[in-house]
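Here are the chains, one letter per residue:
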Amino acid sequence: MIQPLTREQMAARVARDIPDGSYVNLGIGVPTLVANYVPAEREVIYHSENGVLGMGPAPKPGEEDPDLINAGKQLVTLLPGGCYFHHTDAFVMMRGGHLDLTVLGAFQVSETGDLANWMTSDQYLPPAVGGAMDLAIGAKRVFVVMEHTTRRGEPKILKTCTYPLTGTGVVDRIYTDLAVIDVTDEGLVVREMIDGFDLEDLQEQTDAPLRSADDLSLLVHRTEVDLSSGL
Amino acid sequence: MIDKRVATLTQAVSDVKDGSTILISGFGIAGIPIDLCHALIDRGATDLTLVTNNAGSGHTDVAALLKAGCVRKIVCSYPRSAGSIWFEELYRAGKIELELVPQGTLSERMRAGGAGLGGFYTPTAGGTLLAKGKETREINGREYLLEYPIRGDVALIKADRADRWGNLTYSKSARNFGPTMATAADLTIVQVREIVELGELDPECVITPGIFVNRVVEVGASS
Numbered sequence: 671m672i673q674p675l676t677r678e679q680m681a682a683r684v685a686r687d688i689p690d691g692s693y694v695n696l697g698i699g700v701p702t703l704v705a706n707y708v709p710a711e712r713e714v715i716y717h718s719e720n721g722v723l724g725m726g727p728a729p730k731p732g733e734e735d736p737d738l739i740n741a742g743k744q745l746v747t748l749l750p751g752g753c754y755f756h757h758t759d760a761f762v763m764m765r766g767g768h769l770d771l772t773v774l775g776a777f778q779v780s781e782t783g784d785l786a787n788w789m790t791s792d793q794y795l796p797p798a799v800g801g802a803m804d805l806a807i808g809a810k811r812v813f814v815v816m817e818h819t820t821r822r823g824e825p826k827i828l829k830t831c832t833y834p835l836t837g838t839g840v841v842d843r844i845y846t847d848l849a850v851i852d853v854t855d856e857g858l859v860v861r862e863m864i865d866g867f868d869l870e871d872l873q874e875q876t877d878a879p880l881r882s883a884d885d886l887s888l889l890v891h892r893t894e895v896d897l898s899s900g901l
Numbered sequence: 005m006i007d008k009r010v011a012t013l014t015q016a017v018s019d020v021k022d023g024s025t026i027l028i029s030g031f032g033i034a035g036i037p038i039d040l041c042h043a044l045i046d047r048g049a050t051d052l053t054l055v056t057n058n059a060g061s062g063h064t065d066v067a068a069l070l071k072a073g074c075v076r077k078i079v080c081s082y083p084r085s086a087g088s089i090w091f092e093e094l095y096r097a098g099k100i101e102l103e104l105v106p107q108g109t110l111s112e113r114m115r116a117g118g119a120g121l122g123g124f125y126t127p128t129a130g131g132t133l134l135a136k137g138k139e140t141r142e143i144n145g146r147e148y149l150l151e152y153p154i155r156g157d158v159a160l161i162k163a164d165r166a167d168r169w170g171n172l173t174y175s176k177s178a179r180n181f182g183p184t185m186a187t188a189a190d191l192t193i194v195q196v197r198e199i200v201e202l203g204e205l206d207p208e209c210v211i212t213p214g215i216f217v218n219r220v221v222e223v224g225a226s227s
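Top line first, the protein sequences correspond to chains A and B. Here this note's numbering runs 670 ahead of the position in the first sequence, where the first position is 1. Here this note's numbering runs 4 ahead of the position in the second sequence, where the first position is 1.
Source of the hints: derived by calculation from the structure; they are not laboratory data. Mixed in with the good hints, there may be bad ones.
[What the hints assert, rightly or not] Cross-link-like lysine to aspartate or glutamate pairs, in silico, EDC-like; alpha carbons within 20 Å at most:
no.	chain 1	residue 1	chain 2	residue 2
1	B	Lys71	B	Asp22
2	A	Lys810	A	Glu824
3	A	Lys810	A	Asp792
4	B	Lys138	B	Asp190
5	B	Lys176	A	Glu856
6	B	Lys176	A	Asp759
7	B	Lys176	A	Glu733
8	A	Lys829	A	Asp865
9	B	Lys21	B	Asp190
10	B	Lys176	A	Glu781
11	B	Lys8	B	Asp51
12	B	Lys8	B	Glu222
13	A	Lys743	A	Asp759
14	B	Lys8	B	Glu204
15	B	Lys176	A	Asp871
16	A	Lys810	B	Asp39
17	A	Lys829	A	Asp759
18	B	Lys8	B	Glu201
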């Protein structure tokens, strides 16, 4: 019986690969949790599209300020050294390639790194894109963190995305509850996989062809802060 | 003497015409000029085009403008926030036009509008649905889309402090679209927590120079 990673364990796994000294934008959902698992020894500057660099955790009770929020409209704090700027500059940082890394959620990723994370085929909901397209094409590296399949068991890693794209050829690495997969010029390479799975098992849950890295290792379940990096 | 102060919200929006394009600052609730929005509703404005990041949530400000039937079209990046019920209702009923623009493109189109530019090429949205019908050009091996400027007849902005010349400071992430929108409208109207004497704002901390501002109205901290 295999045990997929929980959302927290997925966030903790991504956190291992957030480099010291990097400027990082975390998307909404599981990506936001990543900050909780980055070791305090690493100095990471978090960017928010609404004009914040050096964003800190949620405020303590009594210290909330409705003027200080993140992209998900949650209340946050500013760390010493942090600063504010207007929206156009926030997107200069994103589109202009100044962010080292972004971690995003996704509906689908293709074998060539196409990303679909802004719109499903649900015509009932009005479309909404926010800053997703600017981040996807602008950040130096794009990590996606998502469940390996949909709740109905359909693959989310596909030869070609069926949902509308956010960006083409933008994703560098995919973290799922079953594996860590690199998007390379030669296709998808599995770097880590959970215990009890072989490549064939993983392939069954993946539409796009996978191959195994020479140094394939175990994807471990843990949420404690970890100083080793899988990069 | 230059004095951009106006005494009341009613006065501040008295000459906003029906059918205008209105830029409205704010991201989520931070930086939304709530009082100016409600003054516009009280004036009975109709047929407006709003340019704003979100489509309002709950029943106040942008949502209230939608609910009151003031709006014909909205240009925004994210009209699906929790509680955007009035927008969703109008959208499903086909009673409002939506132009969806990626957030950075929205901001940059207004920057271009304020900066006197005829447009710009951006890689954002290349190869996506939102590139449909747009002129593209390959520059240094990458595909870019031509985007045109956005200007407003009016900008409604929330800032923190102002002086009578219209110089503005902001509060934290409530700054967001304010500085860009202030440059991109024929008439920029700003609500502030406090109006101070000339010279009281540290010139190093002025974010929007008064040249971009036409009117300021003090509303206090309550809004």
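The hints, checked one at a time:
Among the hinted pairs, lysine 71(B) with aspartate 22(B) is consistent with the structure: their alpha-carbon atoms are about 16 Å apart, no more than 20 Å. A threshold of 20 Å between alpha carbons decides the hint, and for lysine 810(A) with glutamate 824(A) the separation of about 30 Å lies outside it, so the pair is violated. For the hint pairing lysine 810(A) with aspartate 792(A), the CA-to-CA distance comes to about 31 Å; that exceeds 20 Å, so the pair is violated. With a C-alpha separation of about 27 Å, the suggested pair lysine 138(B) and aspartate 190(B) falls outside the 20 Å cut-off, and the hint is violated.
For a cut-off of 20 Å, the pair hint linking lysine 176(B) to glutamate 856(A) is broken: about 45 Å separates their Cα positions. Taking the CA atoms of lysine 176(B) and aspartate 759(A), the gap is about 14 Å. The hint holds against a cut of 20 Å. With a CA separation close to 14 Å, the supplied pair lysine 176(B) and glutamate 733(A) stays within the 20 Å bound. Restraint check for lysine 829(A) and aspartate 865(A): not satisfied, since their Cα atoms lie roughly 25 Å apart, outside the 20 Å limit.
For the proposed pair lysine 21(B) and aspartate 190(B), the alpha carbon gap of about 12 Å is at most 20 Å, so the pair holds. Restraint check: the Cα-Cα separation between lysine 176(B) and glutamate 781(A) comes to about 41 Å, which exceeds 20 Å; the hinted pair is violated. Straight-line distance between C-alpha atoms of lysine 8(B) and aspartate 51(B) comes to about 27 Å, which puts the hinted pair past the 20 Å bound. Of the supplied pair hints, the one linking lysine 8(B) and glutamate 222(B) holds, its CA atoms being roughly 11 Å apart against a limit of 20 Å.
Between the alpha carbons of lysine 743(A) and aspartate 759(A) the distance comes to roughly 19 Å, so the proposed pair stays at or under 20 Å and holds. Between lysine 8(B) and glutamate 204(B), the direct Cα distance comes to roughly 16 Å. Compliance with the 20 Å bound is thereby established for this hinted pair. With a CA separation close to 49 Å, the supplied pair lysine 176(B) and aspartate 871(A) exceeds the 20 Å bound. A hinted pair counts as satisfied when its Cα atoms are at most 20 Å apart, and lysine 810(A) with aspartate 39(B) does not qualify at roughly 41 Å.
For the hint pairing lysine 829(A) with aspartate 759(A), the CA-to-CA distance comes to about 36 Å; that exceeds 20 Å, so the pair is violated. Under the criterion of a C-alpha separation no larger than 20 Å, the hint pairing lysine 8(B) with glutamate 201(B) is consistent with the structure, at around 12 Å.
In summary, the numbered hints that this structure violates are 2, 3, 4, 5, 8, 10, 11, 15, 16 and 17.
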